[in-house]
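Enquirer: Read off the chains here:
Number of protein chains: 2
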Amino acid sequence: MATFMDVHTGMKGITAEQLAAAHRADLEVEAQEGVHFKHAWADPESGTVYCLSEAPSADAVQRIHKLTGHPAAEVHPVPLSV
Amino acid sequence: MATFMDVHTGMKGITAEQLAAAHRADLEVEAQEGVHFKHAWADPESGTVYCLSEAPSADAVQRIHKLTGHPAAEVHPVPLSV
Chain A
278 MATFMDVHTG
288 MKGITAEQLA
298 AAHRADLEVE
308 AQEGVHFKHA
318 WADPESGTVY
328 CLSEAPSADA
338 VQRIHKLTGH
348 PAAEVHPVPL
358 SV
Chain B
278 MATFMDVHTG
288 MKGITAEQLA
298 AAHRADLEVE
308 AQEGVHFKHA
318 WADPESGTVY
328 CLSEAPSADA
338 VQRIHKLTGH
348 PAAEVHPVPL
358 SV
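Sequence order for the protein chains is A and B. Just so we're aligned: 289 in my numbering is position 12 of the first sequence, and the numbers increase by one with no gaps anywhere. Just so we're aligned: 283 in my numbering is position 6 of the second sequence, and the numbers increase by one with no gaps anywhere.
Be aware that a few hints might be false.
To be verified - Within a straight-line C-alpha distance of at most 25 angstroms, the following computed SDA-like cross-link-like pairs (lysine to any residue) qualify:
{"#": "1", "chain 1": "A", "residue 1": "Lys289", "chain 2": "A", "residue 2": "Ala308"}
{"#": "2", "chain 1": "A", "residue 1": "Lys315", "chain 2": "B", "residue 2": "Leu344"}
{"#": "3", "chain 1": "A", "residue 1": "Lys315", "chain 2": "A", "residue 2": "Val359"}
{"#": "4", "chain 1": "A", "residue 1": "Lys289", "chain 2": "B", "residue 2": "Gln339"}
{"#": "5", "chain 1": "B", "residue 1": "Lys343", "chain 2": "A", "residue 2": "Leu357"}
{"#": "6", "chain 1": "B", "residue 1": "Lys315", "chain 2": "A", "residue 2": "Ser358"}
{"#": "7", "chain 1": "A", "residue 1": "Lys315", "chain 2": "A", "residue 2": "Lys343"}
{"#": "8", "chain 1": "B", "residue 1": "Lys315", "chain 2": "A", "residue 2": "Glu305"}
{"#": "9", "chain 1": "A", "residue 1": "Lys343", "chain 2": "A", "residue 2": "Glu305"}
{"#": "10", "chain 1": "B", "residue 1": "Lys343", "chain 2": "A", "residue 2": "Lys289"}
{"#": "11", "chain 1": "A", "residue 1": "Lys315", "chain 2": "B", "residue 2": "His313"}
{"#": "12", "chain 1": "B", "residue 1": "Lys315", "chain 2": "B", "residue 2": "Val284"}
{"#": "13", "chain 1": "B", "residue 1": "Lys315", "chain 2": "A", "residue 2": "Thr286"}
{"#": "14", "chain 1": "B", "residue 1": "Lys289", "chain 2": "B", "residue 2": "Gln309"}
{"#": "15", "chain 1": "B", "residue 1": "Lys343", "chain 2": "B", "residue 2": "Val359"}
{"#": "16", "chain 1": "A", "residue 1": "Lys289", "chain 2": "A", "residue 2": "Pro333"}
{"#": "17", "chain 1": "B", "residue 1": "Lys289", "chain 2": "B", "residue 2": "Val359"}
{"#": "18", "chain 1": "B", "residue 1": "Lys315", "chain 2": "A", "residue 2": "Leu344"}
{"#": "19", "chain 1": "A", "residue 1": "Lys289", "chain 2": "A", "residue 2": "Glu351"}
{"#": "20", "chain 1": "B", "residue 1": "Lys289", "chain 2": "B", "residue 2": "Leu329"}
{"#": "21", "chain 1": "B", "residue 1": "Lys289", "chain 2": "A", "residue 2": "Leu357"}
{"#": "22", "chain 1": "A", "residue 1": "Lys315", "chain 2": "B", "residue 2": "Lys315"}
{"#": "23", "chain 1": "B", "residue 1": "Lys289", "chain 2": "B", "residue 2": "Ser358"}
{"#": "24", "chain 1": "B", "residue 1": "Lys315", "chain 2": "A", "residue 2": "His316"}
Bear in mind the hints are in silico, worked out from the structure with no lab data behind them.
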């Protein structure tokens, strides 16, 4: 397992309810790919959303996001953290 | 106070020690601007670093990062989180 930060763009105007619903949708199916989404942060003004996850691979993260209808623009492994 | 996610690029090959040193440098001067850097995550392969902070403004976050020699490419307010 490794840690990933993924980035979604084009989500201008996203609301707290929409972010929570998207996160819930991911949590409901994440186990299929051995992924766990830990946190997400959204900037409704620029339409950017960042998701932090633990997963076996970047592809696994992306497969869950695609399955729930919101593919990420980028998925980065972040092996270093402080 | 608000929450911000900032993104650094061009940090290919960053090591755990370099990330820790950069974070420590920020922590040493952050109070000047009322900022607190909570976490940072780095992808040495693409050279991307994400920093999560609490701050009075995006400009305050950027001023601290500039003061310590690593200006952010983007600073996003992230008022929504899960």
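Enquirer: Would you check the hint for Lys289(B) and Leu329(B), treating anything up to 25 angstroms between C-alpha atoms as holding?
Expert: 20 angstroms, holds
Enquirer: Measure nothing beyond the straight line between the CA atoms of Lys315(A) and Leu344(B); if it is 25 angstroms or shorter, mark the hint as holding.
Expert: 31 angstroms, violated
Enquirer: Is Lys343(B) within 25 angstroms of Leu357(A), Cα to Cα?
Expert: 22 angstroms, holds
Enquirer: Regarding the pair Lys315(B) and Thr286(A), is the alpha-carbon distance no greater than 25 angstroms?
Expert: Distance ~23 angstroms between Lys315(B) and Thr286(A) Cα, so the pair holds.
Enquirer: Check the hint pairing Lys289(A) with Glu351(A) against an upper bound of 25 angstroms on the C-alpha distance.
Expert: 17 angstroms, holds
Enquirer: Given the hint that Lys289(B) pairs with Gln309(B), does the C-alpha gap stay at or below 25 angstroms?
Expert: Answer violated: Lys289(B) to Gln309(B) is near 29 angstroms, above 25 angstroms.
Enquirer: Against the 25 angstroms threshold, does the CA-CA distance of Lys315(B) and Leu344(A) hold or violate the hint?
Expert: Outside the cut-off at roughly 31 angstroms; violated.
Enquirer: Can you confirm whether the C-alpha distance between Lys343(A) and Glu305(A) stays at or below 25 angstroms?
Expert: Holds: Lys343(A) and Glu305(A) sit about 13 angstroms apart, inside 25 angstroms.
Enquirer: Mind checking the alpha carbons of Lys289(A) and Pro333(A) for me, to see if they're no more than 25 angstroms apart?
Expert: 30 angstroms, violated
Enquirer: Going straight from one Cα to the other, do Lys343(B) and Lys289(A) come out at no more than 25 angstroms?
Expert: Distance ~28 angstroms between Lys343(B) and Lys289(A) Cα, so the pair is violated.
Enquirer: Can the restraint linking Lys315(B) and His316(A) be considered satisfied, given a maximum Cα separation of 25 angstroms?
Expert: 14 angstroms, holds
Enquirer: When you check the alpha-carbon spacing of Lys289(A) and Gln339(B), does it fall within 25 angstroms?
Expert: 23 angstroms, holds
When the structure is compared with the earlier hints, violations turn up for hints 1, 2, 8, 10, 14, 15, 16, 17, 18, 23 and for no others.
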